[in-house]
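Trainee: Sequence:
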Amino acid sequence: MTTSPATDPSGSTASADTLVLAYVSSPMEADLVHEWLERYRDGRRGDRIELLELDPSQRSPGAMARLVGHLERDERRSILPVRVFWMPRAEASALKRVAALLPGRNPYRPSERQQRQILRTESSLARVVVGEPASVADLRSQWSENTVGENPRDFAHFVTRRAVLALERAENRILGPQYKSPRLVKPEILASTRFREGLEAIPGATVDEAGKMLDELSTGWSRVSVDMVAVLTRMLSRGFDPEIDYDEYQVAALRTALENHPAVLLFSHRSYIDGAVMPVAMQENRLPPVHVFAGINLSFGLMGPLLRRSGVIFIRRSIGNNPLYKYVLKEYVGYVMEKRFNLSWSIEGTRSRTGKMLPPKLGLMTYVADAYLDDRTEDVLLQGVSISFDQLHETDEYAAYARGGEKTPEGIRWLYRFIKAQGERNYGKIYVRFPEAVSMRQYLGAPDSQTATDPDAKRLAMQKMAIEVAWRIQRVTPISATGLVSALLLTTHGLALTLDQIHHSLQAGLDYLERKQTPISTSGLRLRSRDGVRAAVDALSNGHPVTRVDGGRESVWRIAPEDEHAASFYRNSVIHAFLETSIVELALAHAGRGEGDRLDAFWTQAMRLRDLLKFDFYFADSASFRDNIAEEMSWFGDWQARVGAGGAEIDGILSEKTPVTSDVMLRVFFESYAIVADVLCDAPVDIGENELTQLALGVGRQYVAQGRVRSSESVSTLLFATACQVVADQGLLEPAPDLAGRRKAFRSELRGILQDSDHIARIAREAFAARDMEVRRHWRGMSR
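Mapped onto my numbering, the consecutive letters of the sequence shown carry residue numbers 1 to 784.
Treat the hints with care, as some may be off.
To be verified - Simulated crosslink set (PhoX-like; lysine-lysine; CA at most 25 Å straight-line):
hint : residue 1 : residue 2
1    : Lys407    : Lys361
2    : Lys614    : Lys464
3    : Lys361    : Lys326
4    : Lys516    : Lys614
5    : Lys212    : Lys326
6    : Lys212    : Lys330
7    : Lys212    : Lys186
8    : Lys361    : Lys614
9    : Lys330    : Lys464
10   : Lys407    : Lys420
11   : Lys186    : Lys326
12   : Lys516    : Lys429
13   : Lys326    : Lys464
14   : Lys614    : Lys744
15   : Lys361    : Lys464
16   : Lys186    : Lys330
17   : Lys212    : Lys339
18   : Lys186    : Lys339
Hints were generated in silico from the structure; no laboratory data involved.
The structure displayed is predicted, hence computed values, not measured ones.
Produce the entire structure from the sequences given, and follow the hints as far as they go.
Mentor: In structure tokens form, the structure reads like this:
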């Protein structure tokens, strides 16, 4: 039973001997099928057409016995599946959609009483759908090739599964692609020869145990839950603009891409809302649905069953020592890919609590790669998805975590607090972007290539592939007003700015973004006007994380020290757009205080900074990075000669440069590295990362109190986690004869970078003061 439905009785390709396999659950459905059958026979006089009615639950042993007999009669006989499809009324009411979840209220499976009423009042909602026919011989061939069935009853069950799938396809063509969902996953997988052979290779594994794991993984889109997804997401995303912001050209390109290959949609992860946004984004744009992987920690109370019916696949957090679970999960993913359904999960693996993208995780992607390399699909598209927000209430949680707090466990009480917090104020818009997809075939080669047999080659190819996906996500993420305003106000370290100062200071950054053709959100574009700036700072006011100070001659806005961690989340979300230009500034300052060939010192430091920051940020490859740096410098005339001259010439470039971004964008990261390096200089050789982080928190708080670091945001467990990776990459956590000296040298290097940042900040302050004076004179002139 193939993928093309034969909904028109006169156009069916059934053979002269046809068995109509009818699924009926009520006398009304039986009457409708018989009426259809009469019309069907009228168009095929002389053909032998028999009818076998089956209960949809397939619990009637007598009916299955009769089906066995029919299947034994003639291998050329055509099996034609039919059933009644009840179209739901076009009801947009959220209350009615919620009511549809109650027993007996499913509009796609109305009760007998409801069926009678529908036939009396809206008979057009009842349709007999016909699946694509298939011959007994073809079905038997598929059965013998793919399953471990041995007796006629097993074959009969296989035929009914194929019949149901054919009918699902026919109905999905009526409803649209967003209702497409894998059905009968567990019996299909358990019955497959492939699965049983792999199971035998696992010591102690049983079919029953594997079946329980498949039950745990199993999901699906009940059609009622598809209709409910938008309602549920609106509950979780209260406080956001109800209209999600899309790029229509990207949506059209994605729709075309999904017509040819299965896809894994890998989304950026900043909020619990992301998992709910994904299915809504697909549904609203009439795209095929995605099945979202989520940690089994979210399967609590009523949420578990509800989310399962909404396409969520719950997986265990730790599966390292369970070969059976790994195998079942791998086969489940392979089955879904083979059937060309789409999967989705966070490419980062967990929420980014810092606001910037985390390194990609390869765990689940390995199973997808295995399915491709096993030749179960011609190709797999890795479709990046950027999900971003103007604001999030979760930044308070992230700030507490950065200061050393513990993660709150999920549960009913947690969910209530989450939804309550969502309704407390306006959080702006949700933005969803779809960059160009990455082809798995392009990176892994053909299934018979080296990557299929060489684990190291496979892992390297997958790392490059995942980084490319993350890079594309980052490049399409629109820069928000929230991020730009937070970045600006963090530069003042608690001092307040007027509206005119904020407006004027933002323009250089906007000019830069437009020159680089960086995507900017609507709220970001509105920062060109004073009204747009006022709207942005008002949205962030009242300690979220901006404080407005009133009562003077004019209102002013600041970020208080206690709100710096929350503000840094928003600032970090835009750093990628200013990363290379920030590195240019630090490399220039380094070259300015150096000796010898200053141009060589500039390039050496630029590459060194790229290496130090590689655990915090995504970079283009080395050659492209150098090209990008050269392009940044090309905006300054005769820049190579000026850099070579050093001293005042380099300071002149820094004075001319707008915007100056390194101090606000990168200083906190180097401060966090420096704190960890400072602790290392007095630490035992074999210190562990957890102990190192705790010591760094204590020393960092001391340095904040003494004014030895600029702000408290660099004292963060989140930043220290990456700092530990940096020092480990420098070989400073491994015993070595010269370890103490190398630790001190690394601390000295970081202090030098911070001195360069101080130098740049002084130049930026002088330039700001001069421009601010010009603005004040301008406004005084206008007022006269």
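Trainee: Hint by hint, say whether it matches the structure.
Mentor: For each hint, the structure was consulted:
no. : hint            : in the structure
1   : Lys407 / Lys361 : 21 Å, holds
2   : Lys614 / Lys464 : 14 Å, holds
3   : Lys361 / Lys326 : 16 Å, holds
4   : Lys516 / Lys614 : 22 Å, holds
5   : Lys212 / Lys326 : 14 Å, holds
6   : Lys212 / Lys330 : 15 Å, holds
7   : Lys212 / Lys186 : 9 Å, holds
8   : Lys361 / Lys614 : 16 Å, holds
9   : Lys330 / Lys464 : 22 Å, holds
10  : Lys407 / Lys420 : 18 Å, holds
11  : Lys186 / Lys326 : 16 Å, holds
12  : Lys516 / Lys429 : 24 Å, holds
13  : Lys326 / Lys464 : 24 Å, holds
14  : Lys614 / Lys744 : 21 Å, holds
15  : Lys361 / Lys464 : 12 Å, holds
16  : Lys186 / Lys330 : 14 Å, holds
17  : Lys212 / Lys339 : 22 Å, holds
18  : Lys186 / Lys339 : 14 Å, holds
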